[in-house]
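Trainee: Residue numbers (this note's numbering), protein chains in the order written: chain A, 1 to 293; chain B, 1 to 293.
Treat the hints as calculated values from the structure; they're not laboratory data.
Incorrect hints may appear among the rest.
[What the hints assert, rightly or not] Simulated restraints, written as ranges between beta carbons of each label pair: (1) A20(A) <-> P96(B): 39 to 47 angstroms; (2) R226(B) <-> A20(A): 48 to 56 angstroms; (3) N93(A) <-> T39(B): 36 to 44 angstroms; (4) A32(A) <-> A52(B): 35 to 43 angstroms; (5) N93(A) <-> A28(B): 42 to 50 angstroms; (6) S143(A) <-> E49(B): 54 to 62 angstroms; (7) E24(B) <-> A78(A): 34 to 42 angstroms; (8) T39(B) <-> S143(A): 53 to 61 angstroms; (9) R289(B) <-> S143(A): 53 to 61 angstroms.
[As the list claims (entries may be wrong)] Partial selection, computed: residues in chain A whose CB lies under 8 angstroms from chain B: (10) V138; (11) T194; (12) S202.
[Said to hold, decoys possible] In silico lysine to any residue, SDA-like type, Cα no more than 25 angstroms apart, as pairs: (13) K250(B) <-> P51(B); (14) K189(A) <-> L139(B); (15) K189(B) <-> I12(A).
All values reported here derive from a predicted model rather than from experimental measurement.
Glycine included, every Cβ here is placed at the ideal spot set by N, Cα and C.
Number of protein chains: 2
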Amino acid sequence: MPLAAPMNPPRILDGKALAATVLEASRAEAAALHARGITPGLAVVLVGEDPASQVYVGSKARTCAELGFYSRKIELPASTTQDELLDVVRGLNADPAIHGILVQSPPPKHIDEAAIIRAIDPRKDVDGFHPENVAKLVLEDPSGFVPCTPAGCIMLLDSAGIATAGAEAVIIGRSMIVGKPLALLLMSKHSNATVTVAHSRSRDLPAICRRADILIAAVGRPEMVRADWIKPGAVVIDVGINRVADPTKKSGYRLTGDVAYQEVITPVPGGVGPMTIAMLMRNTLQAARQLGE
Amino acid sequence: MPLAAPMNPPRILDGKALAATVLEASRAEAAALHARGITPGLAVVLVGEDPASQVYVGSKARTCAELGFYSRKIELPASTTQDELLDVVRGLNADPAIHGILVQSPPPKHIDEAAIIRAIDPRKDVDGFHPENVAKLVLEDPSGFVPCTPAGCIMLLDSAGIATAGAEAVIIGRSMIVGKPLALLLMSKHSNATVTVAHSRSRDLPAICRRADILIAAVGRPEMVRADWIKPGAVVIDVGINRVADPTKKSGYRLTGDVAYQEVITPVPGGVGPMTIAMLMRNTLQAARQLGE
């Protein structure tokens, strides 16, 4: 039930718990598709040996296995050419066992990532980065794929009953992957928020943040947003996930968000991160449904 | 030269004068293209007999003639079917004399306008409404066509030397034609403004407007924005063009904008309107250049 205003003290929007619920529902939906002879299939392409990318790709494959999806991990050497990668994408476009295609970002520098994304069949573009899906987001056409992290943020707000209509939402960051799509979603007829997009060139960022009923930090700077930037009772979603040196940890680092606020409403880790992968599974199901029809 | 802050009292951003300058430059560029054997060509398709649409279409054809462009006006009866209209568009896509295609909005109700727009060759989509051009706007890819009214607003700001970087821009209205594309342009690396999009569901619109250094009204409600909604020294662009009954006029109506402020910086009529048609001519030139290469 939507609340008239966010409550004080801030509740935790538990991304881990919500992601688990979404994954459970996805497992059930996959089973229903199996009964119709369809196994949702996700192909993840990794070019080069970036360790962080390998972790992400591994966790996507593991989640697929848990949900009864078919998954294919395609690991290519860093020396792969643009044409070779395009051939791999075209092969996946034509493969009826594959409903979703994801090329792990960032590829090596000699790869033209935009051209690779344009080569993905938009009906299999579960990342939502293909121009056709970007346009559908602007046009509020629900047949498109919404990028996973912004979609996860909207679901966190919706499922917690946060009233977005007429609320002041401030997004810090104007990236193609989070800031811009999230702004479009929050200003859409689904959410009806008054949306401000702030960024590195904004003047007096603390004052802009303090007017937010809903504050979303997606800027990638550890603990940049301070406690006194946050209006009491505001809902804060921390999309940032930054590595900060920490000699007390065995790994030598800890993960921290963009927000230093102690009662931040989505914890890092365990907030938006798990939602992103859950949304990827949902998008793959949507692709399997739409292509299976 | 960019100013540190907008000056007070507000200057008039004279859309009529700037549009005349743009048209003069376009005439010269068309002459240069003639010398290379290219005549920029614009096709305007009008379905049905809407009187306002007939006025717009006539003025586009007249401007083409003044600039040495080839123009073709295609007037179809209101009974034209979707398939017949698609055939007309496909014919124009294939026609080498035509570089820009515009289907005057709104078409009759039985026409699926989105499908018609998708059928236009994106390289000839001088309105900038094709999904491929919408995506290029989001992705900040300058090879796309920018919708004419938002492009005109940006040029008005730029040519007056208004410093947009870090400024608070507030846009009232979230339409596909003005509000959303203008928001994307103002938050882009070209303009670097802090952008707020407000709309019918926003709470306390006057307070939101009062924080604007640059206020853009694109809502279509006559004189909704009042003088006391405007921060002293703010730059105000009035995109609205509304007919209001006025018995003192021979026509029985007068044209008014969305802003009641007496010193509004773009007058209605004579502000954004002339810029829109000038931007259409620029887009047609861009299409002729890109297709002629």
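Trainee: Give a verdict on every hint.
Mentor: Against the structure, the hints come out as follows:
no.	hint	verdict
1	A20(A) <-> P96(B): 39 to 47 angstroms	violated (58 angstroms)
2	R226(B) <-> A20(A): 48 to 56 angstroms	holds (50 angstroms)
3	N93(A) <-> T39(B): 36 to 44 angstroms	holds (40 angstroms)
4	A32(A) <-> A52(B): 35 to 43 angstroms	violated (51 angstroms)
5	N93(A) <-> A28(B): 42 to 50 angstroms	holds (46 angstroms)
6	S143(A) <-> E49(B): 54 to 62 angstroms	violated (34 angstroms)
7	E24(B) <-> A78(A): 34 to 42 angstroms	violated (53 angstroms)
8	T39(B) <-> S143(A): 53 to 61 angstroms	violated (40 angstroms)
9	R289(B) <-> S143(A): 53 to 61 angstroms	violated (34 angstroms)
10	V138	holds (5 angstroms)
11	T194	holds (4 angstroms)
12	S202	holds (4 angstroms)
13	K250(B) <-> P51(B)	holds (18 angstroms)
14	K189(A) <-> L139(B)	holds (22 angstroms)
15	K189(B) <-> I12(A)	violated (34 angstroms)
In the structure shown, a violation is registered for the earlier hints numbered 1, 4, 6, 7, 8, 9 and 15, in ascending order.
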